[in-house]
Structures are given as structure tokens and as C-alpha cells.
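**Q** Given chain F's structure and the hints, the job is docking chain V onto it.
Residue numbers (UniProt numbering), protein chains in the order written: chain F, 1 to 429; chain V, 1 to 429.
Be careful, since some hints might not be right.
If chains are identical, the list can't say which one is meant, so a pair holds when it fits in one copy or spans any two.
[As the list claims (entries may be wrong)] Derived SDA-like pairs: lysine to any residue, alpha-carbon spacing no greater than 20 angstroms straight-line: (1) LYS219 with GLU331; (2) LYS310 with HIS369; (3) LYS327 with LYS383; (4) LYS219 with LYS325; (5) LYS219 with TYR390; (6) LYS219 with LEU150; (7) LYS383 with LEU180; (8) LYS219 with GLN335; (9) LYS287 with GLN298; (10) LYS394 with ILE301; (11) LYS387 with GLN335; (12) LYS74 with SER142; (13) LYS159 with ASP285; (14) LYS159 with LEU180; (15) LYS284 with PHE9; (16) LYS74 with SER31; (17) LYS249 with GLN335.
Treat the hints as calculated values from the structure; they're not laboratory data.
Okay, here's what each chain looks like letter by letter:
Protein chains: 2
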Amino acid sequence: MGSRFSNYFLMKNEDVIDYAKERLDFFAPGSELECDEIGDGNLNYVFKVRDKKSGKSVIIKQAGETARISDEFKLSTNRNRIESEVLVLQNKLAPGLVPAVYQYDDVMSCCVMEDLSNYKILRAVLSEDHRIFPYFAEHITSFMANTLLLTSDVVMNHKDKKDAAVNFINPELCEITEDLVYTEPFNDCFGRNDVFTSNQEWVAAEIYGDDQLRLEAAKLKFQFMTNAQALLHGDLHTGSVFVTEKETKVIDPEFAFYGPMGYDVGNVIANLMFAWANGNAVIKDEKKRSEYIAWLEQTIIDVVDLFRSKFSAVWDDSVQDVMAKEKGFKEYYLQNIITDTAAVTGLELIRRIVGLAGVKDITSIVSEHDRMTAERVLLTAAKTFIKNRYSFVKGQDFLDTLLQVQQDFDWKTRRDNDEQTAHIDSLGT
Amino acid sequence: MGSRFSNYFLMKNEDVIDYAKERLDFFAPGSELECDEIGDGNLNYVFKVRDKKSGKSVIIKQAGETARISDEFKLSTNRNRIESEVLVLQNKLAPGLVPAVYQYDDVMSCCVMEDLSNYKILRAVLSEDHRIFPYFAEHITSFMANTLLLTSDVVMNHKDKKDAAVNFINPELCEITEDLVYTEPFNDCFGRNDVFTSNQEWVAAEIYGDDQLRLEAAKLKFQFMTNAQALLHGDLHTGSVFVTEKETKVIDPEFAFYGPMGYDVGNVIANLMFAWANGNAVIKDEKKRSEYIAWLEQTIIDVVDLFRSKFSAVWDDSVQDVMAKEKGFKEYYLQNIITDTAAVTGLELIRRIVGLAGVKDITSIVSEHDRMTAERVLLTAAKTFIKNRYSFVKGQDFLDTLLQVQQDFDWKTRRDNDEQTAHIDSLGT
Chain F
1 MGSRFSNYFL MKNEDVIDYA KERLDFFAPG SELECDEIGD GNLNYVFKVR
51 DKKSGKSVII KQAGETARIS DEFKLSTNRN RIESEVLVLQ NKLAPGLVPA
101 VYQYDDVMSC CVMEDLSNYK ILRAVLSEDH RIFPYFAEHI TSFMANTLLL
151 TSDVVMNHKD KKDAAVNFIN PELCEITEDL VYTEPFNDCF GRNDVFTSNQ
201 EWVAAEIYGD DQLRLEAAKL KFQFMTNAQA LLHGDLHTGS VFVTEKETKV
251 IDPEFAFYGP MGYDVGNVIA NLMFAWANGN AVIKDEKKRS EYIAWLEQTI
301 IDVVDLFRSK FSAVWDDSVQ DVMAKEKGFK EYYLQNIITD TAAVTGLELI
351 RRIVGLAGVK DITSIVSEHD RMTAERVLLT AAKTFIKNRY SFVKGQDFLD
401 TLLQVQQDFD WKTRRDNDEQ TAHIDSLGT
Chain V
1 MGSRFSNYFL MKNEDVIDYA KERLDFFAPG SELECDEIGD GNLNYVFKVR
51 DKKSGKSVII KQAGETARIS DEFKLSTNRN RIESEVLVLQ NKLAPGLVPA
101 VYQYDDVMSC CVMEDLSNYK ILRAVLSEDH RIFPYFAEHI TSFMANTLLL
151 TSDVVMNHKD KKDAAVNFIN PELCEITEDL VYTEPFNDCF GRNDVFTSNQ
201 EWVAAEIYGD DQLRLEAAKL KFQFMTNAQA LLHGDLHTGS VFVTEKETKV
251 IDPEFAFYGP MGYDVGNVIA NLMFAWANGN AVIKDEKKRS EYIAWLEQTI
301 IDVVDLFRSK FSAVWDDSVQ DVMAKEKGFK EYYLQNIITD TAAVTGLELI
351 RRIVGLAGVK DITSIVSEHD RMTAERVLLT AAKTFIKNRY SFVKGQDFLD
401 TLLQVQQDFD WKTRRDNDEQ TAHIDSLGT
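Bound-form chain F, shown alone (with noise of 0.2 angstroms):
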């Protein structure tokens, strides 16, 4: 009653004081509060509140009713009570894997949780320091079979699982995945995609032009809208992602719906390709590229193979549905999982190559050639991998793909080089 916060604005960093001063129990009386706006995404406001005198500090998270670079894009706030409510259940799923919440407010479309100020964005860390996170695999994988297994329907109670898939419908954020993975980067229907130079005819002839990729895509796309299996979180790229040494952290499910789970698999796989793909072009320390190569190598194959075995754990463990327990069904249903996850490194390897959202790793390759060259091994790789996505099975199946692209590709820029060189020789003689 009579609270400044009892009617939705946006907040200020004064605003944000006085609110959490008004609404949270986290700070003790009298605290020193400050507060800073950290965020850099486009549709949210991200503070952080932190207490001079303790050090205590939580985030403040509140949705935009329109997007930070055009008030022509408008977008319910809904995605932030979708978001909250998602960490809360993933939190108990794979318990320390999310930020934990402290509380939602549902009429200032704000979230306030745990400050992970110490966590660096896993992108961000590999592109520009190429550092190693050995446990990455090993809990991005407990994350994603905890996450994706425990809210579908072989799991949980048929009824449960429909009530949730009408709670997290997510029609907004899910139409731009349509248009931006499934759409666009096939054709350029907006005249949106945004193709390195030297690669605009290569994606002209290899992409748009590839008439079996883009009918394989739209066989895709209406999968993704149709296949309500489990609870994605629906952004799963290294750029949701924090991390320490040792912990890690995933965020900002607020594209989270009821969708095919090879779909999170799929964009963590792609992800550390692009990391790959970075490394390879811009390590010049052979032996720190080699060992760094080496770990995202490995990190590949893992999480295929970790989430296999970590899915079929959890699936014995859980599963109660008469028909689901069936000889030979759960290795069925992994398998389509795996063909998905296929599909879906290849979809997003190709997005973030060719369409709007561009990825740190690649635009930041300096060398026009090295990136003209990553550019297309991964997009060849991702052609592959959409093609064939019914014969990938293992992680190791998608390495040697990636690398055999590569074998070809410095193959065939030798043999380029090799001619050349002839044909400059020969107009020497």
C-alpha cells in the first residue's frame, strides 16, 4: 500500500537501493547500499546491490517492456516470471548448478538472486584467455540430464507434465529461435544475416543454395515447434554460462519452453566448436594452443558421452511409466536425443555464423583469411552434421567430424597453395 513499487516502472540505480531496501530481508539494517547496472544484454536490466560495511551483495534482475536498442520491439515481461520460476526448479533438478533465487516480484518483472560477481562468462573466458575448465562437461552434463529427463513425460505424472508445458508456453522468445535458428540463416528472408565478406558468395552458393539443407532445416524447424518433450533452457551457449575454476553456473533460462531436448545438448556442442574454431586460429603458442585444443577436444566427446550415461543413470533411476520401461525404449529415445543434438549443432553453427547473432569467437578472429577458413569448416562441418544427424551416435562421432572437415580444408588449401605456387613457377620459366 502506497509503496513506489506497487505499479511497474523501470528502475533506476537509486531505485534499486531504495527497492531493496524496501522489499528484501537479505541486508542487514542499516547497511551502506550501493549499486551499479552490470548488464549488457538487450532486453534486461541487470544491478548489483552490494553492502559497503559486510560485502554482502545480491542481483537485481528486471525485465524491459521493450528492447534496450528499439522501443519498437516489445516484449511481455513475462519471460522474467518464466525465468525465476525455471532457476527455482532447476536449482532443485541439479541443485548449485543455477544461481539460486531469493525472490520474484511479479509486478515489477524483477528476480533477485545470488551475485555470482566472482563467476566469469564462460564465452568471454575462453575466447579471450583460452583457459581450461575441467569439471565443465562433468556439470554442464549433470545439469542437462538432470533438467531435461526429470520434466518429461517418462518421468514425471502425465498430467504434471502438461500443466508445466502451459506454464513455461513461450511464444515470444520461442518465435524469435523460429526465425533466427530455423528461418533466416537458410535464406535471409529479412535481409537480417550478417555474412563476413569474404564469405558471402561461399554462403550464397553453400547455404541458401543447398536446396536438400534447407528443406532438412524446415523438416527441423517444425520439429522444434511441435515436440514438447522436455523443459529446455532453451539459450544453453557459452554465453550462458558462469564459471570458476571449479563451479559452474548456467543462466538466463527466459527462453526456457517444453521443446526437444537435443536442442541444449546441441548448443553446448556448437558452442565449444566456436571455441575450437578460435583457439586453432589465434593461439600462437603451439604448445598452449595444442593443450588447449586438446581439453576442448576432449570436452566434446564428454559431453556427448557424459550425458549419455549420466541420462541412462537418471532414467533407471526415475522412470515409472509401464510402456516407457519397455526393452529397447530408452536406448530409442536416447538415440533420438543424440540425432537431435546433431541437428541442432549444426543449426547453430550456422546461425551464428551466417544470421543476426554473431558469436565473440568468431568476429574476433583478426585474420581475414583464419576466419574466412574457420567460417567455412564449420559451416561445412554443420552441413554434415544437420545431413547426417541420424548416424551420430557417440562424442566421438562429432569430433572426427569437425576434424575431418579441417583435414580437408588444409588439404585442400595446400593443394591451393601447392597450384599457385605451379602456375607462378611456370609463368616464370
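**A** Okay, now just chain V, sitting in the frame of chain F:
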């Protein structure tokens, strides 16, 4: 205000007359209304209200909060809202092929709709009179092509489709289908199956004992639960169809929800096969039998082939999604529906012979030998529909499967008879 009908109660005939006078514009002032309860379903109460002077009449269908056979079986009256809204929508998409809805009352959970007393239930006139309905295939395929395709993602705006999927979520009635169609027929896990005595051993061996069949049923169960493709009728058997010589009205969409399109098409095909088995077993007059069977066989072919051609035409007129327009996608999408249709044909054949809810077409076959054989022919064909579902394309494929099994059984029966005769002969010598 002060109305008897501002709080839900289960109406008797006199209440319904008062209701019609107070709440409907349908009858002229001074009408002399009479009311009969004409329903024979398990969940709802169906009243016919008629003006003795003008002869005008309406149907008032009220949902009970418990099943009529047992108070223990509780169901939300939400199914009645779904039914009313779905009928209104279907009448828009497939005009004239469902009864008109005059009004829906959410408090009393009752729907006022067109009286179809001059129509007959298709299953009844098939199994009792063996009448021919030359327009049925034409009508039912228009109904399915329009209601299914026009409620799917490939046509609807994606956000509107997601809203519709939420609006028509139907967990209670879906659970009935999940249990009775996709679970119990394969394992009798609740001990509720109702197997004809002469086939109990055969069913134990050929259905419960078929590992591959049970695994395929498990795959289909989870596809049914997760694939939100289109707004299904959800229970499209010959008992849900009213007919006259020239007209067809689809009724009772209370199981409606977003699921795989093939579920509706397969239900129609399977129930035509029940009529076919009944005709073969029961009609004595050879000319009448061959005419009736010839019509049913052509109708089975036509339902698949007309559905294919109408679906394709509606697609070309209606589909807007740029990816759905990719070359080859329509053919891929339609083939998936036919694959699902084959599987559901098999599932429906099995669950109506083995499971809790039998059909009169089969249970009314008096001769033990004929019923036993009819059931085995249909169950054997059903296994092929499920296991070989990917091989079905045209209507003739569906009929050929049935005829081939029938021929094998005739041959086998004849051979068994011959062997028996030979055995008797050998005993005699």
C-alpha cells in the same frame, strides 16, 4: 441474479425445460416444451427439448462432474467448454460438417446445439443395417483436411497456434487415451482388458507376447503425448459420426487437443475395418454382402487418397511459413501423417478388440468361429500397420494389408479344415 441456473447442478428433464425458457431465444413465447433425456454416454447428459406446437427442437448437453456409472470417476467439466469451443471452430473451418452450437454456458457446463434427430449414428446403421453412405469418404476427408491442417503451425501464426494449444489442453481425456489406446492393450497392466474367451491364448501370445510390437507402441505413446501438431477431434470413430443418406455431422469432440494428425485419420480407417469385418461375418445374402464390402473397401481407399489430395490442395492455398514452402516439405509432412495414420489404425484395431472399450461391430458377431476369426484377422493386420507403418502411402496399401491377412487366414482355415478332414479320413480307413 436470483436465477436457479447461476450455480451448477445436474439438471433433470423439468429443469431443462425451465432452462430453455429462461436462457434461450430459440423458442417462440408460448411454446409448449417437452424434454427427453436421450443420451447413452457415460460422462454427459443429453436432453432433447421440443416445442410441441412448432416441432422446433434443440439439444442441450450437460457435463456431469462424475461418470454416470460411478461417482468415484471424477472428471472436470472443462471438457464441455472444450467441446463447445471446438465445435464452433470446426464449423468455421469445415462448414456444415458438425452440429451448429447456439450457446455455451460455463456455469451450468452445458452446450445448446442443433438437434440431429433425423440423423443416425454411423456405427449403428453400419453394424445393424449394413447401409451404404456414398458421401461419407468425401465428407470426412473434407472435415479432416480442413480442421487438421488449418489448426497447425504450417498455416497458423505461430503465437496463435501456441495459444490454441494451451486453450485446448485436455490432460484428463488424454490420459484416458494414453491408458486405453497406448498402454493397457499391450500388457493388461490394470487387469481391465476384455478379451473374447476364444482368443485369450492367442492374444497373450501374439499381442502381450510380441516384444517388438510393445516397443513400437511405446514409441507411439510418447509421440502422441509430445507431438502438438494440430487440433485433433481426438475420438473420431464411427460412433462419433451422425449421418443421413447425403449428410455427415461429426459430433463429440470432447477429447480434442493438440496432437498428431494421423490420430484422427487412423481412427476413421480402423473403424471402417470393424464395419468391414462385421459385414463379412454377418451378412448372409451374398449380393448384399459383396456390394456392402465393395463400398467399404472403396471407402477405406478413398479416405486415405481423398485426405491426401484435399490436404495437398488446402496446403497450396493456405501455407504461408517460408520454410514450410521449401520444395519437398509438403510431401515429407504428408508422408509423416500417413505413417502415423497406419500406426493409429493398428492401435485402434487392437485396443477395441483387446482393451476395455469394445465395438458393437465385433461384439455383435454371434458365431464364435466368425468372431474369433474376424478378431484375429484385424489384430494380425494391426500388427503390420504398426510395425510396417513407414511403408504405407496410398489407400490401396491399407486395404491390401487387410485383404492379404484375410486371404492368409482363409487359406490357413481351409488348410486346417483340409487337414482335419484328412485326419478324419485317415481315422476312417
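**Q** Take the hints in turn and mark each one as holding or not.
**A** Results of checking the hints against the structure:
Only between protomers do LYS219 and GLU331 lie at most 20 angstroms apart by alpha-carbon distance; the minimum there is 11 angstroms, versus 23 angstroms within a single protomer. Proximity of LYS310 and HIS369 under a CA criterion of 20 angstroms is satisfied in neither setting, with 41 angstroms inside one chain copy and 53 angstroms between copies. For the homomeric pair LYS327 and LYS383, the shortest alpha-carbon distance between copies (18 angstroms) is at most 20 angstroms, but the shortest distance inside one copy (33 angstroms) is not. With identical chains, the CA atoms of LYS219 and LYS325 are at most 20 angstroms apart between copies only, with a shortest distance of 11 angstroms across copies and 29 angstroms within one.
Taking CA atoms no more than 20 angstroms apart as the test, LYS219 paired with TYR390 passes in both settings, with 14 angstroms inside one copy and 17 angstroms between copies. For a Cα distance limit of 20 angstroms, the shortest separation of LYS219 from LEU150 across copies, 18 angstroms, qualifies, whereas the shortest one inside one copy, 27 angstroms, does not. For a Cα distance limit of 20 angstroms, the shortest separation of LYS383 from LEU180 inside one copy, 17 angstroms, qualifies, whereas the shortest one across copies, 42 angstroms, does not. For the homomeric pair LYS219 and GLN335, the shortest alpha-carbon distances inside one copy (18 angstroms) and between copies (12 angstroms) are both at most 20 angstroms.
Only within a single protomer do LYS287 and GLN298 lie at most 20 angstroms apart by alpha-carbon distance; the minimum there is 16 angstroms, versus 74 angstroms between protomers. Within a single copy, LYS394 and ILE301 get their C-alpha atoms as close as 7 angstroms, which meets the 20 angstroms cut-off; across copies the closest is 44 angstroms, which misses it. Proximity of LYS387 to GLN335 under the C-alpha cut-off of 20 angstroms is found in both arrangements, the shortest distances being 16 angstroms within a copy and 19 angstroms between copies. Within a single copy, LYS74 and SER142 get their C-alpha atoms no closer than 35 angstroms, and across copies no closer than 39 angstroms, so neither meets the 20 angstroms cut-off.
Taking the closest pair of Cα atoms, LYS159 and ASP285 never come within 20 angstroms of each other, the shortest separation being 56 angstroms inside a single copy and 50 angstroms across copies. Only between protomers do LYS159 and LEU180 lie at most 20 angstroms apart by alpha-carbon distance; the minimum there is 16 angstroms, versus 32 angstroms within a single protomer. For the identical chains of this complex, LYS284 and PHE9 are neighbours neither inside a copy (50 angstroms) nor across copies (80 angstroms), given an alpha-carbon limit of 20 angstroms. Within a single copy, LYS74 and SER31 get their C-alpha atoms no closer than 37 angstroms, and across copies no closer than 55 angstroms, so neither meets the 20 angstroms cut-off.
With identical chains, the CA atoms of LYS249 and GLN335 are never at most 20 angstroms apart, being 27 angstroms at best within one copy and 43 angstroms at best between copies.
Violated hints, in rising order: 2, 12, 13, 15, 16 and 17; the structure is consistent with all others.
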